[in-house]
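Colleague: Chains as they are written, first to last, in my numbering: chain A, 1 to 220; chain B, 1 to 291.
Honestly, the hints are just simulated from the structure, not real lab data. Hints are not guaranteed to be accurate.
[Stated by the list, open to error] Below, simulated DSSO-like cross-link-like pairs (lysine-lysine); rule was C-alpha separation at most 30 Å, straight line:
{"hint": "1", "chain 1": "B", "residue 1": "Lys4", "chain 2": "A", "residue 2": "Lys125"}
{"hint": "2", "chain 1": "A", "residue 1": "Lys125", "chain 2": "B", "residue 2": "Lys195"}
{"hint": "3", "chain 1": "A", "residue 1": "Lys68", "chain 2": "B", "residue 2": "Lys203"}
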Amino acid sequence: MTKTYPKASRPSLDNVSVSIEKGEFVFFIGPSGSGKSTIIKMLLHEVTPNKGRVIVNGKDVTSMRSWKRPHFRRSIGCVFQDFRLLPNRTAYENVAFALEVIGKTKAVARRVVPEVLELVGLGGKEHRYPHELSGGEQQRVAVARAFVNRPLILLADEPTGNLDPDTSIEIMRLLDRINRTGTTVVMVTHDSNIVNQMRRRVVEIESGRIVRDQARGVYG
Amino acid sequence: MRMKYVLSEVLVGLWRNVTMTLAMIITMAVSLFMLGGSGLLYQKVGDMKDLYYENVEVSIFLKADANEQQRTDLETKLKADPLIKDVTYVNKDEAYKRFQQMYADAPDLVNAVKPDQLPESFRLKLNDPEQYKNIYDEYKTSEGIDTIVDQSKLLDKVFGVLTGFQNGALAIAIVMAIAALLLVANTIQVAAYSKRREVAVMKLVGASNWFIQAPFVLEAVVAGLIGSVLGLIALIVLKTLAAGSSMAALEGLITPISWSEIFLTFPLMAAVGGLVSAVTAWVTLRFYLRV
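Just chain A, same shape as in the assembly:
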């Protein structure tokens, strides 16, 4: 697929083709502006390619109407570098919010949220506000929020970008654990340390082109 943003001199993604199997763990690496984030945006149906197709969970989302997007997003969890937590809500409320706004009842939230907070290692810190948590803990809340709905795919856009190396490793362990439950994990990063430690599939992008696609790869 190809994506050219308006006013851009060259395509952000140029004739890129990549296939990710269910349950895989894939790193997209490459310098800033190489087009890795565009891939995430396409998977989220935030942008559509000018040419080619994007197929997610067996469904062609290229031509998906925008009113179908909300329901589609429920099968995808998302984690970002800047956490994107609601500052005036506790860890519990942040995760519960994600459930309640898609129509789950409070009773469901009461059952599921403590479970998932326990899973990400935040047992006992449910009622802390984001500013009372460390960066790593905040990212755990974000992961819990992304995973609470048991998505098929977890997208992580530089999830360790704001964290120190030790905390980064902990977050990676968490993502690895989530991957082992059968969830496909797609992670964009330029953290070479992590890529080298994890030894998972690495897709390297440069100037909108795939220059390497390697199983059990390193940052290189």
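With chain A's structure known, arrange chain B on it following the hints.
Modeller: Just chain B, lined up with the frame of chain A:
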């Protein structure tokens, strides 16, 4: 639970920006009050036109010295005229009776006038009141005629004034509605901005569009409805005040506006207030949230 969430969001939203909410409600109320008033006047003018034009007459007053021959000639000619539906001859006694009736509350005036001081006249009903000019041209030169008076000319003036009021109220209503519209758009933008984090998360986790938009749209609708209630109250106050003041003197001329008519205006005001707010809010969100 979702309904409860939406409603509490609406209340929080209205309260968070309370000065803006008040400005929105007041402008909306004035606009809807003017709209309601204009609607009532329109209805009244319609009623009165039906009532008055039904009874409108062209009167041909005879000179005091007009003789029997002139009168019969004129009557024959009038009765044969295809423009005229009905001709009534009013002699001095009948004219005096009408005069007594018309000025029943001014006995001094009635006592000062004797029957033979009043002129005889023909009262004509026209098939088409607009044809007055032709009648006038036709008969102005006939012998023994003093004046020809067209009541509809007077009515046209009265209705001209009323229609002027009505158009003025409508114009103010429209100008205020534009102001209200801009205030709604602005309020919604501010609300959406203050909730941008929540909205971003909701979009991310796949909350449905209506669920994201509903609190904002309802916020505007609630303000619109409160505005329409205030507009109704203003109309009620106006009627109460008018009943006890100099306006009451006009009651004979203008058919009075009943309570039921005022309350029947409310659905119109509420619908316009609610709908305009909802559409404005929704359109603003489409540009601003892009959900």
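Colleague: Taking the hints in turn, state whether each one holds.
Modeller: The hints, checked one at a time:
1. B/Lys4 / A/Lys125: 27 Å, holds
2. A/Lys125 / B/Lys195: 25 Å, holds
3. A/Lys68 / B/Lys203: Given that 30 Å is the threshold and the Cα spacing comes to 12 Å, the pair holds.
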